[in-house]
Amino acid sequence: MKSTIKKIVIIVLAVFAALLIGGYLLISSALKREKVQPMDFTQNMDLKKPDPVKDQPSVLFLGNSMTYTNDLPSVFTQLSQSGGFMADVYELTEGSYRLEYFADREDEVGSQVYDALENYTWDYVILQEQSGIATMGEETMYSAARTLDSLIRQAQGEPVFFMTWAFKEGISIDLLAGLKYRESRDEMQTEIASHYINIAKELDAMLAPAGIAFMRCSSQFPEVELWDEDENHPSPAGTYLSACVLYKVLYDQSPEGLPYFGDLDEQTAGKLQLIAAGIK
Numbered sequence: 001m002k003s004t005i006k007k008i009v010i011i012v013l014a015v016f017a018a019l020l021i022g023g024y025l026l027i028s029s030a031l032k033r034e035k036v037q038p039m040d041f042t043q044n045m046d047l048k049k050p051d052p053v054k055d056q057p058s059v060l061f062l063g064n065s066m067t068y069t070n071d072l073p074s075v076f077t078q079l080s081q082s083g084g085f086m087a088d089v090y091e092l093t094e095g096s097y098r099l100e101y102f103a104d105r106e107d108e109v110g111s112q113v114y115d116a117l118e119n120y121t122w123d124y125v126i127l128q129e130q131s132g133i134a135t136m137g138e139e140t141m142y143s144a145a146r147t148l149d150s151l152i153r154q155a156q157g158e159p160v161f162f163m164t165w166a167f168k169e170g171i172s173i174d175l176l177a178g179l180k181y182r183e184s185r186d187e188m189q190t191e192i193a194s195h196y197i198n199i200a201k202e203l204d205a206m207l208a209p210a211g212i213a214f215m216r217c218s219s220q221f222p223e224v225e226l227w228d229e230d231e232n233h234p235s236p237a238g239t240y241l242s243a244c245v246l247y248k249v250l251y252d253q254s255p256e257g258l259p260y261f262g263d264l265d266e267q268t269a270g271k272l273q274l275i276a277a278g279i280k
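My numbering numbers the first residue of the sequence shown as 1 and each following residue consecutively.
Nothing false has been slipped in among the hints.
27 Å max Cα-Cα, derived DSS-like pairs, lysine-lysine:
(1) K48 / K271
(2) K280 / K48
(3) K35 / K201
(4) K180 / K35
Quick caveat, the hints were computed from the structure, so don't treat them as lab data.
Throw the hints in and build the complete structure from the sequences for me.
This is how it looks when you write it as structure tokens:
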């Protein structure tokens, strides 16, 4: 009986200790992230350019719902065609997926990624990290990014990091003992942008900074709603802006004046084309 009680006490203490440690790490991480100083979203990005520009690129999208909501691959394809570029576009996407899952051969979708990279030829592979993971960068994002970068280059392709956007209202988390963690949209976007920029620079990879474009557009054209009703995923306008940024980056050409507007009116599409044209 005493032995049983002792075991129960040990288990309870172990669980309590785990909760304390987990809570400490969560709070500690949150406190560190509170010190983020918002970046200047108007600064030039010094983006790597395609060399050479490909008129008929084969493109593979790896991402989650930020990519498949409103079918970004299809919008990019049609936008490309309207500019005279015949992109051959495919996607491997899954809800809430992280780059680490795509980089895992044992994962169900990851195994498909390995098959696609080992048995098919791609000019560009678009890499989109889960938004929350992208705010943590080195701890979870970079290792998988390096693995995928190596696989893509072995297949004679080029990785393109697709920087996503902050949530419309930033981050709000209820911590332990009634504590709350808040992070503004600017702070969240700064973390996401910094980590995408750093890993792209480390790997000498191309970068499509859609998140930066979101920030510029929301400042210059606040009447354009870039977020869906959940305030996390893109609206049709947000997806169209992302496609315009990809167009600018992959073809090194301004999307201004393109006749494809997606589900938008010409005036709204023109504003988004203008924002993407200024990304460089």
